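Dock chain one against chain two, each of which comes alone in its own frame, and use the hints as you go.
If you read the sequences in order, they're chains A and B. As numbered in the working numbering, residues 16 to 307 make up the first sequence, in order. As numbered in the working numbering, residues 17 to 199 make up the second sequence, in order.
If you are wondering where the hints come from, they were derived from the structure by calculation, not from laboratory data. Since the structure is predicted, the reported quantities are computational estimates derived from the model, not experimental observations. Mixed in with the good hints there might be a few duds.
[Unchecked claim] Computed from the model, here is a short list of chain B residues facing chain A with C-beta under 10 angstroms: (1) 52; (2) 61; (3) 63; (4) 71; (5) 73; (6) 138; (7) 160; (8) 164; (9) 171.
All C-beta atoms in this analysis are idealised placements derived from N, C-alpha and C, irrespective of residue type, glycine included.
Okay, here's what each chain looks like letter by letter:
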Amino acid sequence: MNNHFEESLNDDELSKAFGVDVPEPTDEHIEQLRGQVLLHTKPSMPSRKTTVGTGEPEIARWGRDRIPLSLVAVSAVVLIAFLVARPFANDASAGLHDSLKTTREASWIHGSTTIKHGDKTVVAESWCSPAERIVAFRSPQMLHFVDYEEGLQLSYTESRGKIFQWNADPGKEGFGRQFVHALLNDLDLQSSFPLHEVSEVRKTDVDGQSGTQYSFNVQMKEHPEVRWETSIQTDPNSGRIVLWQDHHANGMQVMVKFDYPDNGPRDIFELGAPSAAEVIKIATPESNLFGE
Amino acid sequence: MDEFIDDAQLLRIGDRNAWDALYSSTSRRTYRVLYYITRAKQTVLEEMNQDVWLSAIQSIERFDSTCGTAVDWVLGIARHKALTFLRRHYASRVVCIGGSGDLPESTIHQDDPMLVSENALLVRASLESLPENWQYVLRQKYQSGLSVREIADSMETTPKAVESTLSRARHRLRKLLCELTEE
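Next up, chain B with everything else stripped away, as it sits in the complex (with noise of 0.2 angstroms):
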C-alpha cells in the first residue's frame, strides 16, 4: 500500500517512469472504452483518447489514491469523455435537424454492424474498466463457459476465492452500468 501511494504521489509530481508505465498499461484500454460507449470513427477516438490522457495529466491534483488506482482514475475519465461526447453529439443532430443547413458529417462509425446491441457495447465498456484479474475470471466464466471450479484449478485457486471475484466483479460491473445509462 505504501508503494501505491508512492506512485500517486510520483504521478502528481510528474515522475516520468510513472506516467510512462501508467500510459502503457492503459492507453488502449481508455481507447476501447471510447469506442464501445461512442461508437466512434478512429479519427475521433484517436483525438478523443488524446484529451482523455491531457486531461489526465492536467488535472492529476484531483486524483484520490483512497478512492481506487489510478488506473480506474484514468479509465473513468474516458468514460466522463465518452459521454459528454455522446450528448453533444446528439445535441448537434437535433439542432441540424430543426434547421434547414445539411446534417454535419456523422463521427460515428457508419460500417458498424447493427447486429451489435448497444447494451452489450454498454456491457464491454463497464468489462474493459475492471480490473484485469476479475476481466479473466469473467472471461473464463462466461466466454470459455469454464465451470468455478475448473476457473479455480486454472488459476491455483480455490472455487471460494473465484466465487467471490466473480461476485466483487458482478457487483462492480452492474454499478458501472448504471452509472453509464443514468446519463
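Next comes chain A alone, as it looks inside the complex (with noise of 0.2 angstroms):
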C-alpha cells in the first residue's frame, strides 16, 4: 500500500472516495449479531438514558424497547450460585442462605423461564451445574453453551447453520458474569450488584405453610429509576428454590420455575446443535485494539 495520504489527501480524492458504493448488511445478519452481543449483557431497565451510541437517539430507543431476554433468562439460575457464598445480615437472609446453599447442591438445576413485557412474551430454558462450572441457555433463537472449567464457550443459531466457538474466561466479562464471580469469589448480595443499592433480604410466609418466600429490592444508584424486586420461593420440604420472580419497575415481569434434573446439557450437540454444523474457531484479540 502506499503511503502518500502523509503529504497530501487532495478535494479529488475525498470526493472519489464519497463516490464509492456502500454495501450494506443484511438485517437478518445484524440481528442476529445483536442476539449474541447481548448475550453477553445483564438485563437493565429501558428508561435508562445512555449516550454510548451518539447521534442515533431513535436507534438507541428501539433498542431500549426490547425484552431483554438471554442473561434475563439465565440469570435467575446463576444467582442461585453466588448467592450461595454471601455472609447473610438478618434472619432472613440466614434462611435464604439455607435455601440457595441447599439449592447448589444440586448437580444440575434447570430453570424454565418466561418473559412477559406489555403484550410480548418469551420463554427459554436455562441449565447450570455449580459443581461442574456449566452453564446452558436454549430460546426459539439460538443456543448458548458455556463450560467453565474447559475454558470455551460455543453459540449456534439455526439461520446460520454454524457454531462460533472462543474462549470462556472466568475472570472476565463472559456469558452469566455474576455466575463466574460466584465461582470464584465470596460475594455478597451488594457486591453482586455492581453500581446498584440492594436492599435488605425479607421474608414471609406463603400459603401458611407451605412455603418461604424471600424477597429483595435492586435499585441503580446512578439511575433510580432503574429498579427491580426480586422474590424467590423455597419448597418447605427440600429448601430448594421452586420459583423465582423478577418484576421490573418499567413493567416487565420475569418468572423462573426450577426443577433439579439427574443430568443437563454436557455440550451444545446435547443443547439441540445438529451434529454435523461446522465450528469456527473465533481468535481472542491479543494486540492493543484501540485505533489511536
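Here's what the structure looks like:
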C-alpha cells in the first residue's frame, strides 16, 4: 500500500471516496449478531438513558424497547450460584442463604423462564451446574453453551447453521458474569450488583405452611428509576428454590420455575445443535486494539 | 462528560442498554469499514463483523475512555481485524502459489469493478471512522460541493465553526489513512 496520504489528501480523492458504493449488511445479520452481543450483557431498565450510541437516539430507543432475553433467562439460575456463598446479615438472609446452599448442592439446576413485557411474551430454558461449572441456554432464537472448566463457549443459531466457538474466561466478563464471580469469589448480595443498591432481604410465609418467600429490592445508584423487586420461593420439604420472579419498574416480569434433573447438557450438541454443523473458532485479540 | 464516563463504566459491567445502544449505532459502520479495507465477500464480512463485536466484549476492560469514545474504539477494532485479514489473505496466496496445490477459494469479492481504486476505498474506510457530524460536513463540502458559508447556513452555525470542523476532520482523516497505509 502506498503512503502518499501523509503528504497530501486532495479534494478529488475525497470526492471519489464519497462516490464509492456502500455495501449494507443484511438486517438478518445485524439482528442475529445483536442477539449474540446482548447474550453477554446484563439486563437493565428500558428507561435508562445512555450516550454510548451517539447521534442515533431513535435507534437507541428501539434497542431499549426490546425485551432483554438471554441473560435475564439465565440470570435467575446463575444467581443462585453466587448467592450461596455470600454472608447474610439478618434472619431472612440466613434463611435464604440456607435455601440457596441446599439448591447449589444439586448436581443440575434447570429453569423454565417466561418473560412478559407489554403484549410480548418470551420463553426460554437454562441449565446450570455449579459443581461442573457449566451454563447452558436455549431459546427459539439460539443455543449457547459455556464450559468454564474447559474455558470455552459455543453459540449456534439455526439460520446461520454454524457453531461459533471462543474463549470463556472465568476472570472476565462472559456468559453470566455473576455466575463467573460466584465461582471465583465469596460475594455478598451488594457486591453482586455493582453500581446498584440492594435492600435487606425480607421473609414471608406463602400459603400458610407450604413454603417461604424471600424478597429484596435492587436499584441503580445513578439512575434510581432503574429498579426491580426479586422474590424467591422455596420448597418447604427440600428447601430448594422453586420459583424466582423479578418485577421491574417498567412493567417487565420475569418468572423462572425450577426443577432439578439428574443430568443436563454437557455440550452444545446435547443442547440441540446438529452434529454436522461446522464449528468456527474465533480468535481472541492479543494486541492493543484501540485505533489510535 | 460525567455521563459519558458512566457509559464507559456501564459497558464494562455489561449493561444491556449501553451495549445495545453502542451496537445499534455502530454495527453497520463496522461492517462497512471491514468491506472498504478488505473488499471481502458478504459471508466473510459477516463472520469478521461478528469477530469484531465478540472481541469488543471480551476486551472491554482495555477500553480507555480518555482516548476516545466507545464508537471510536469499536471502529478501531474493525480496522485492526480488517488489516489482519488482509495480511493473512495475501500470505496464504503467496504460500499456495509457491506450492503445487490449487489456490484456495478467494475470499475477496470478485465482482467488484476494478474501477474503484484502492485509495478511494481506504479513504472511505477512514471517513467511516470519523464522527458522524464530521462526515456530514465533509460530505457537504466534497460530495455536494457546497461552500463553507452554504454549509454553515444549512447547519445554522458560523463559517468559522465549519472551517474548524473541516480542518479537524481532514487532520484526523490523514492520520487514519497513514495508519492504514503503514500496514
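Now the hints, each set against the structure:
| no. | hint | result |
| --- | --- | --- |
| 1 | 52 | 7 angstroms, holds |
| 2 | 61 | 7 angstroms, holds |
| 3 | 63 | 7 angstroms, holds |
| 4 | 71 | 5 angstroms, holds |
| 5 | 73 | 5 angstroms, holds |
| 6 | 138 | 8 angstroms, holds |
| 7 | 160 | 9 angstroms, holds |
| 8 | 164 | 13 angstroms, violated |
| 9 | 171 | 14 angstroms, violated |
Of the numbered hints stated above, those contradicted by the structure are hints 8 and 9, listed in ascending order.
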